[in-house]
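Asks: Sequence:
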Amino acid sequence: MEKSNIGNIFSNCFENLLLNLLEKYFDKFAELAEARVNKPVFIKQKNALKYYDGIDAAT
88 MEKSNIGNIF SNCFENLLLN LLEKYFDKFA ELAEARVNKP VFIKQKNALK
138 YYDGIDAAT
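Everything in the sequence shown is counted per this note's numbering, starting at 88 for the first residue and increasing by one.
It should be emphasised that the hints constitute simulated quantities derived from the structure, not laboratory data.
Fair warning: there could be bad hints in the mix.
20 Å max Cα-Cα, derived SDA-like pairs, lysine to any residue [to be verified]:
| no. | residue 1 | residue 2 |
| --- | --- | --- |
| 1 | K131 | E118 |
| 2 | K111 | I130 |
| 3 | K131 | K111 |
| 4 | K115 | L105 |
| 5 | K115 | N99 |
| 6 | K115 | K131 |
Have a look at the derived ranges for each label pair, beta carbon to beta carbon [claimed, not checked]:
| no. | residue 1 | residue 2 | range |
| --- | --- | --- | --- |
| 7 | R123 | C100 | 54 to 60 Å |
| 8 | K137 | F97 | 23 to 29 Å |
| 9 | D114 | K137 | 25 to 31 Å |
| 10 | I96 | I142 | 51 to 57 Å |
| 11 | Y138 | E118 | 16 to 22 Å |
| 12 | A145 | E118 | 52 to 58 Å |
| 13 | Q132 | L106 | 42 to 48 Å |
| 14 | N103 | R123 | 27 to 33 Å |
| 15 | F116 | G141 | 41 to 47 Å |
| 16 | L109 | Q132 | 51 to 57 Å |
Just so you know, even glycine gets a beta-carbon here, dropped at the ideal spot from N, CA and C.
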């Protein structure tokens, strides 16, 4: 028996598109969260100029 779409607001095709989009965003947010967790608290002095604007190399 085929699944009925009676009572649903969106078509099955549109629901699948929404689910795929949500999955894509969930994966991206999970990737960003994991990168934040694995990021070291301190940065090396040689990398400071890359991360912070407006500081002098002698700082």
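Asks: Now tell me if each hint is right for this structure.
Replies: Outcome of the hint check:
| no. | hint | verdict |
| --- | --- | --- |
| 1 | K131 / E118 | violated, 23 Å |
| 2 | K111 / I130 | violated, 30 Å |
| 3 | K131 / K111 | violated, 33 Å |
| 4 | K115 / L105 | holds, 15 Å |
| 5 | K115 / N99 | violated, 24 Å |
| 6 | K115 / K131 | violated, 27 Å |
| 7 | R123 / C100: 54 to 60 Å | violated, 35 Å |
| 8 | K137 / F97: 23 to 29 Å | violated, 45 Å |
| 9 | D114 / K137: 25 to 31 Å | holds, 27 Å |
| 10 | I96 / I142: 51 to 57 Å | holds, 53 Å |
| 11 | Y138 / E118: 16 to 22 Å | holds, 20 Å |
| 12 | A145 / E118: 52 to 58 Å | violated, 36 Å |
| 13 | Q132 / L106: 42 to 48 Å | holds, 46 Å |
| 14 | N103 / R123: 27 to 33 Å | holds, 31 Å |
| 15 | F116 / G141: 41 to 47 Å | violated, 30 Å |
| 16 | L109 / Q132: 51 to 57 Å | violated, 42 Å |
In the structure shown, a violation is registered for the earlier hints numbered 1, 2, 3, 5, 6, 7, 8, 12, 15, 16, in ascending order.
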